[in-house]
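Asker: Sequence:
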Amino acid sequence: MFLTFLRHGSVAALVAGAAVEALAFCFGWIEPSFGLILLGALLFYLSEYGMHRFAFHAPPLSWPWMRELQHRLHYDHHVEPSRLDLLFLPIWFLAPNLAVATGLVALVFGAQASASALFGMMLAILHYEWVHYVAHIPYQPRTRLGRWIKQYHLRHHFISEKHWFGVSNPTLDGVFGTFRGPDASERSTTTRNLYS
6 MFLTFLRHGS VAALVAGAAV EALAFCFGWI EPSFGLILLG ALLFYLSEYG
56 MHRFAFHAPP LSWPWMRELQ HRLHYDHHVE PSRLDLLFLP IWFLAPNLAV
106 ATGLVALVFG AQASASALFG MMLAILHYEW VHYVAHIPYQ PRTRLGRWIK
156 QYHLRHHFIS EKHWFGVSNP TLDGVFGTFR GPDASERSTT TRNLYS
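One rule links them: number in our numbering = place in the sequence shown (from 1) + 5.
Keep in mind that the hints were calculated from the coordinates and are not lab data. Ideal Cβ placement from N, Cα and C applies to all residues, glycine included. Among the hints, erroneous ones may be present.
[As the list claims (entries may be wrong)] Quick list of simulated restraints, FRET-style, between CB atoms:
| id | residue 1 | residue 2 | range |
| --- | --- | --- | --- |
| 1 | Leu11 | Glu85 | 17 to 27 Å |
| 2 | Pro143 | Lys167 | 18 to 28 Å |
| 3 | Ile96 | Tyr200 | 22 to 32 Å |
Using the sequences provided together with the hints, build the complete structure.
Answerer: See the structure below:
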């Protein structure tokens, strides 16, 4: 199970990138800032919620090539939630987003600080990918929290796509009013086909 997770291209790239940064921290080539590592993780969790809710669930765009991107990034995942090739964020999507986010952090906090923020973002993305992977494979997590978060995400796919946007961190669902209890939401008829 874990090796299947690691074999995915974007996950392998994230693990490699985080390992390189961890080594750079250990050897003193880059000074880590735990506050900026935390900031990087928080920035990812905010973007996870925002992208999922407002971009990945946006109505189809006018341009055919953009609609293809929408299908690959999320629509098709709702059609076939157990297909692993549709489960992970592709590297062609992750790399430019990480570059832009790291660049913005560098503009605000300086280039040295951006390495710590990037490390936090990569760790948070790995957390997201793992939670998302476990939610969609036939595996029952051993902890109560793990089972709860799996069911939390699966409600988004099988009860209503209008709620439960926080895949790895449901906190922002509570903040933005998209949190629902397991029985509190009406069943949607469009969870599998977001836009027909």
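Asker: Tell me, in ascending order, the numbers of any earlier hints that this structure violates.
Answerer: none
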